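Q: Here are the chains, one letter per residue:
6 protein chains.
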Amino acid sequence: TPESAERTSVPGVATGLAVTGAGGDVLFIEATEMEGEPGLVLTGQLGDVMKESVQIALSYLRSRDQAGKLADHRIHVHVPAGAVPKDGPSAGVTMVTALASLASGRPVKSSVGMTGEVTLQGKVLPIGGVKQKLLAAHRAGLTGVIIPKRNEPDLDDLPESVRDSLNIHPVADVADVLALALEDAEPAASTLAA
Amino acid sequence: TPESAERTSVPGVATGLAVTGAGGDVLFIEATEMEGEPGLVLTGQLGDVMKESVQIALSYLRSRDQAGKLADHRIHVHVPAGAVPKDGPSAGVTMVTALASLASGRPVKSSVGMTGEVTLQGKVLPIGGVKQKLLAAHRAGLTGVIIPKRNEPDLDDLPESVRDSLNIHPVADVADVLALALEDAEPAASTLAA
Amino acid sequence: TPESAERTSVPGVATGLAVTGAGGDVLFIEATEMEGEPGLVLTGQLGDVMKESVQIALSYLRSRDQAGKLADHRIHVHVPAGAVPKDGPSAGVTMVTALASLASGRPVKSSVGMTGEVTLQGKVLPIGGVKQKLLAAHRAGLTGVIIPKRNEPDLDDLPESVRDSLNIHPVADVADVLALALEDAEPAASTLAA
Amino acid sequence: TPESAERTSVPGVATGLAVTGAGGDVLFIEATEMEGEPGLVLTGQLGDVMKESVQIALSYLRSRDQAGKLADHRIHVHVPAGAVPKDGPSAGVTMVTALASLASGRPVKSSVGMTGEVTLQGKVLPIGGVKQKLLAAHRAGLTGVIIPKRNEPDLDDLPESVRDSLNIHPVADVADVLALALEDAEPAASTLAA
Amino acid sequence: TPESAERTSVPGVATGLAVTGAGGDVLFIEATEMEGEPGLVLTGQLGDVMKESVQIALSYLRSRDQAGKLADHRIHVHVPAGAVPKDGPSAGVTMVTALASLASGRPVKSSVGMTGEVTLQGKVLPIGGVKQKLLAAHRAGLTGVIIPKRNEPDLDDLPESVRDSLNIHPVADVADVLALALEDAEPAASTLAA
Amino acid sequence: TPESAERTSVPGVATGLAVTGAGGDVLFIEATEMEGEPGLVLTGQLGDVMKESVQIALSYLRSRDQAGKLADHRIHVHVPAGAVPKDGPSAGVTMVTALASLASGRPVKSSVGMTGEVTLQGKVLPIGGVKQKLLAAHRAGLTGVIIPKRNEPDLDDLPESVRDSLNIHPVADVADVLALALEDAEPAASTLAA
Ligand SMILES: [Ca+2]
Ligand SMILES: [Ca+2]
Ligand SMILES: [Ca+2]
Ligand SMILES: [Ca+2]
Ligand SMILES: [Ca+2]
Ligand SMILES: [Ca+2]
Ligand SMILES: [Ca+2]
Ligand SMILES: [Ca+2]
Ligand SMILES: [Ca+2]
Ligand SMILES: [Ca+2]
Ligand SMILES: [Ca+2]
Ligand SMILES: [Ca+2]
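Residue numbers (the numbering used here), protein chains in the order written: chain G, 8 to 201; chain Y, 8 to 201; chain C, 8 to 201; chain A, 8 to 201; chain H, 8 to 201; chain S, 8 to 201.
Honestly, the hints are just simulated from the structure, not real lab data. Accuracy of the hints is not assured; some may be wrong.
No distinction is drawn between identical chains; accordingly, a pair holds when it is met within one copy or between any pair of copies.
[Claimed, not checked] In silico EDC-like links for lysine to aspartate or glutamate, alpha-carbon gap of 16 Å or less:
(1) Lys93 x Glu159
(2) Lys76 x Glu42
(3) Lys76 x Glu44
(4) Lys138 x Asp171
(5) Lys138 x Asp94
(6) Lys156 x Glu10
(7) Lys93 x Asp55
(8) Lys138 x Asp161
(9) Lys76 x Asp161
In this text the structure is predicted, and so the values were computed from the model without any measurement.
All chains should be modelled from the sequences, with the hints used to inform the complete structure.
A: What follows is the structure, encoded as structure tokens:
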């Protein structure tokens, strides 16, 4: 899928799945960091629950010493499009993935979309709209999707053709999301020359 | 009970009992800490009274020198599910227990659920919904419950079969809650080798 | 009276008298302090006027160099029950007493309840509901009450039996409240051994 | 007048004149200072305009190097009674006088009441309710009142008996208010012994 | 004009022209500075747009290194009368003039009133109410007025007698306002003696 | 076009295109910086989405180390006219351009207007009102316009005469906007002398 390939080519961007008034849709979580006083800037007209999702994602990584330089830097998380209000907890796994990608420098696999609430312990809780979200992932050309394990029963509602063309990964812990979604760290240029 | 066993396997998580529109329910209080500027991050769509409960819990421990590194670290308390508004003072004992577990490194016993308001002095005040909360504890497979001493009369409303299958601990001081609910500190690996 | 005896056994807790929808009642002001960045945490669903009362109480003590370590420590004042909204200036003398007790380490006498607004200079201003408050003090087993001097005329409304069983102290300055309500400093353990 | 004599016996308290729903009234502005982080605490249910009056009063003194230690200390200004909402700019001269008294250690004359808006340059602007305010001053036993020069025409409305019994000082600059209202600095105890 | 002469006799005060419900009026912008933590205190019941005008005025001067000590000091800008709500961008040139006067120590000419919005680059944008504002300037005895160049066509509405008695300066850049409105720096007393 | 030539003659000012109730219009984004505590001051009655646009623009530059001294200085962004409320994400490219111009010292070309939302990665997203905006650019005498690549289909609605008289640059990445819109750095005066 050209768009997610281009969007996720740099570390810090992950592909999420959302439900809108017009069915499911793919959205991108963009995270970046900069030197300066530590803090978290959130843009994209995020509602209260979604803002809390970003705090949960960051605390999950910081409390496990997986936030790297993020703990000391200024972090900005944006969810385009800028004028569209967004809310809900189901972007939790995508938030953790975008921030873990930024912290580690490992890009997110461009073929993978994801949805799921995350708790502070990293448990993945079920969300709504699985059918619409996976149809949207299929339309957008994604080949892998990550969903909460407790949402497995919702897969029955999916057309068989769609279910067959997607690698569907039900997960219970966000650590498994990171293992599935992050590219291996790219070898540094100097080691390639050996 | 598999879920509370898994959820409370790490220090910082305690099992509470709540009343919702649909009867009683079990909820988990998740607390974690990280280096950084001291402060308290609260998520889970907590109402004003519940936010005050967390402050009371933390001050109770800090003023007694039982907060350990928590006083100097950044603390995040989350109550899943992220999109469900929650309020009321009755999670007070659970808040103290989760934070004391995090501060001491002693996990919370996975078989125990609890409910009760706490004052800044650690007195445990009565709460509502005892019957529904204990039925929910029973359904969830918990074998021990901690309730405020002043709620003992409410136990009459409980079916005898339920009352017999639960170890019910009425308490007047939150210090007794901690004595009942926290696991012993695990011996360090090095001392086991002796 | 067992409850106030237990509640006021540690420094920082004072017994106030309040008017609720259901007549008069006894309430406890709990104050505690901890190391950390100086500041004032207020809980108990306090309204604007009651929050200002705490600030006035603290400034009264600080400006007279009677706040001891409180000026440099983090202070938490809580008024149970946690979910009941409270407001009004009439807990002023109780706030000063709780904080002075905490600062000095001298417990508050468990037999004494009090009511009265305090100004920044320490003047005690009249309040309402004297009759209901003193009836409540009597019911709760208190033997001494402190009221504003300007409320003396309200004592006529009190049943003679109640008036006779209470030591009623009308005061005009909060310094007199402290002299009446605080226990003597307890001799240190080491000096007892002499 | 006994009350103003007692209230203004310490530096930092000045007697103002106000209009309430029930005619004119005397009010006291109480200012105190304490060590700690610089800042301004305002209590007494003050409205926006009255809060701005305090800021103007303090800036007037600070910009003229007349604030002494106030610039570096924590300042608390309270206007009893604590539960009565108050607003309007006409307490401006009283605010300047209370703060100047606190900064200089010179008490305010207990026989003097005052009213008038102050600008940042110290100009005294006219206010309303002169008649009711002066009647209230008279009733309270004050013998001197300070009013804005531009309010002189309002004196015609005053009963002659009242006008004759009050020393009325119309002023255009707040420096004149301070010259009229502050007691001379009291000689230090050591110099009295000479 | 006696009032503006007296009001603008010290640096930091500039004469503005405003439109009120009752026609045009003259207002004074008072700016002062004091040592202490840098910051901007705004009083006079200013609306959002007028508060932004002060920030624009200050940034204009600071970004051009014309703010002198203002950048490091605490600044207070007040617009009497204190209880009258004020809003709109047309006091922009007056704000810049008052702050530039304060920064430079050069008083504002007492004969000059002004109106005009200012951009961050110092461009002077057109405003409304030119006729009423100039009539008010005339009534108040001002002899010079500064207006935006783009408002020149509005001068046609002015009675010829008024237009003839005022020196009207249309300007496009606020630098020209400062050149017209600020007095020359007064020679220091020591150099006068030479 | 005289106005944009004059307005954009200094670094930090870029020409945007907007849709108002009365069709399209040209607006100027003014950015300036000053020494002092780092921070972002926004004026011009900007709505939430437009304020977020400025934060996105600044983070885009800071995270790419293209913000130069802006990261450590105080930045003020103003959008005249001061009293007109403005909102929406379509000034994103103009915000990035104004800030990049300020950071680099390279002025923006006075002949170029622009419109387009920007994401945190610098992707240019489509906006509305292309026809009205380009008509406004034409009326204002601009000769070049930058629009989002995804808005190319909207060009069909434009009169051929207008389309022919404008150099229209569809872009997908804001880096291309900067390459098109910024003047070359002017050689320093000293090198001119060689
Ligand atoms: Ca960098
Ligand atoms: Ca959702
Ligand atoms: Ca750690
Ligand atoms: Ca409850
Ligand atoms: Ca301690
Ligand atoms: Ca002192
Ligand atoms: Ca009351
Ligand atoms: Ca008034
Ligand atoms: Ca000075
Ligand atoms: Ca205006
Ligand atoms: Ca500079
Ligand atoms: Ca728009």
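Q: Kindly indicate which numbered hints from before are broken by the structure, ordering the numbers from low to high.
A: 1, 5 and 9
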